[in-house]
Amino acid sequence: MSEQSPSSDNPEFSRLWWHSRRGMLELDVLLIPFVENVYRDLSQEDKARYQKLLSCEDTDMFEWFMQRSRPEDPDLQRMVDMILNRVQPD
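Using this note's numbering, the first residue of the sequence shown is number 1344, and each one after it goes up by one.
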């Protein structure tokens, strides 16, 4: 995981990077690499889904990423699956 904040030449990306820092290590190790390595290449629809995911509660995201529960919203489930598939390939 990156120890440094993103460069300030792209304010939108910097904002997303900081919103991806959740203060819960289990989430940070998933979200920060995803936003750094994948986000820029996502479709506009998936970028919107990722931003929607960031509006969720940390406790909910923790449950989803630990696969203890699943989001009811299919958009959120798509993002959870996409992030998990990066770290748990088939």
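Rather than coming from a laboratory, the hints here were simulated on the basis of the structure.
From a predicted model like this one, the values you see are computed outputs, not experimental measurements.
Quick reminder that beta carbons are idealized off the backbone N, C-alpha and C, glycines included.
Incorrect hints may appear among the rest.
Between beta-carbon pairs, the in silico distance windows are [what the hints assert, rightly or not]:
#1 Gln1387 - Gln1420: 29 to 35 Å
#2 Asn1353 - Gln1410: 20 to 26 Å
#3 Glu1415 - Asp1352: 35 to 41 Å
#4 Ala1391 - Trp1361: 37 to 43 Å
#5 Glu1415 - Pro1354: 29 to 35 Å
#6 Cys1399 - Arg1429: 14 to 20 Å
Consistency of the hints with the structure:
no. : hint                          : in the structure
1   : Gln1387 - Gln1420: 29 to 35 Å : 19 Å, violated
2   : Asn1353 - Gln1410: 20 to 26 Å : 33 Å, violated
3   : Glu1415 - Asp1352: 35 to 41 Å : 38 Å, holds
4   : Ala1391 - Trp1361: 37 to 43 Å : 18 Å, violated
5   : Glu1415 - Pro1354: 29 to 35 Å : 32 Å, holds
6   : Cys1399 - Arg1429: 14 to 20 Å : 18 Å, holds
Of the numbered hints stated above, those contradicted by the structure are hints 1, 2, 4, listed in ascending order.
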